[in-house]
Amino acid sequence: MQKLIKTLLLAGALIVISGCVYKRDLPQGNYLTADMVGQLQPGMSRSQVINVMGRPLLEAPFDASQWDYVFRLDEAYGDVQQRRVTLTFAGDQLVDIQHQGDLSQDIPLRAQD
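For the sequence shown, numbering that gives the first Met the number 0 begins at 0 and goes up steadily by one.
Watch out, some of these pointers could steer you wrong.
[To be verified] With beta-carbon atoms standing in for the labels, derived distance ranges: (1) 87 - 12: 55 to 63 Å; (2) 32 - 89: 20 to 28 Å; (3) 23 - 53: 43 to 51 Å; (4) 17 - 97: 42 to 50 Å; (5) 14 - 40: 40 to 48 Å; (6) 104 - 63: 29 to 37 Å; (7) 5 - 101: 48 to 56 Å; (8) 78 - 11: 30 to 38 Å; (9) 91 - 26: 49 to 57 Å; (10) 67 - 25: 13 to 21 Å.
Read the hints as simulated data drawn from the structure, not as lab findings.
What you are looking at is a predicted structure, and each value in this text was computed from that prediction instead of being measured.
Built from N, CA and C at the ideal position, the CB exists for glycine as well.
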């Protein structure tokens with residue numbers, strides 16, 4: 000009888016533990032901060048923009064004058080945060096900067112263990 004009780008308790012514990020799923024934050028795209036966007040100035044060349052922002056995540060295939068930087072963070076047990084910066088060039092010169100999402104606070108990314 001004791002062996003049966005121990006077996007049932009062990010089986011029950013295994014079932015309960017298997018239901019505990021680990022989830023992690025999932026960052027995707029170009030990490031964007033207010034400092035990075037603040038360094039952008041109209042008249043900068045494409046290479047200067049790359050030095051500040053990195054390579055764009057999206058380059059429009061039919062319109063080489065527009066670069067899109069997109070960042071999305073799916074928090075494990077929370078919200079989805081998304082930011083987007085669209086840069087428009089005339090030739091090699093930056094002429095327009097548009098952004099969507101809240102850039103006022105940096106999104107903390109957890110360090111890898």
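Consistency of the hints with the structure:
1. 87 - 12: 55 to 63 Å: holds (59 Å)
2. 32 - 89: 20 to 28 Å: holds (26 Å)
3. 23 - 53: 43 to 51 Å: violated (23 Å)
4. 17 - 97: 42 to 50 Å: holds (47 Å)
5. 14 - 40: 40 to 48 Å: Violated, at about 60 Å.
6. 104 - 63: 29 to 37 Å: holds (33 Å)
7. 5 - 101: 48 to 56 Å: Once the Cβ atoms are compared, 54 Å apart, the range 48 to 56 Å for residue 101 and residue 5 holds.
8. 78 - 11: 30 to 38 Å: holds (35 Å)
9. 91 - 26: 49 to 57 Å: Since residue 91 and residue 26 have Cβ atoms about 31 Å apart, the given range 49 to 57 Å is violated.
10. 67 - 25: 13 to 21 Å: With Cβ atoms ~20 Å apart, the hint holds.
The structure fails hints 3, 5, 9 (numbered hints given earlier, in ascending order).
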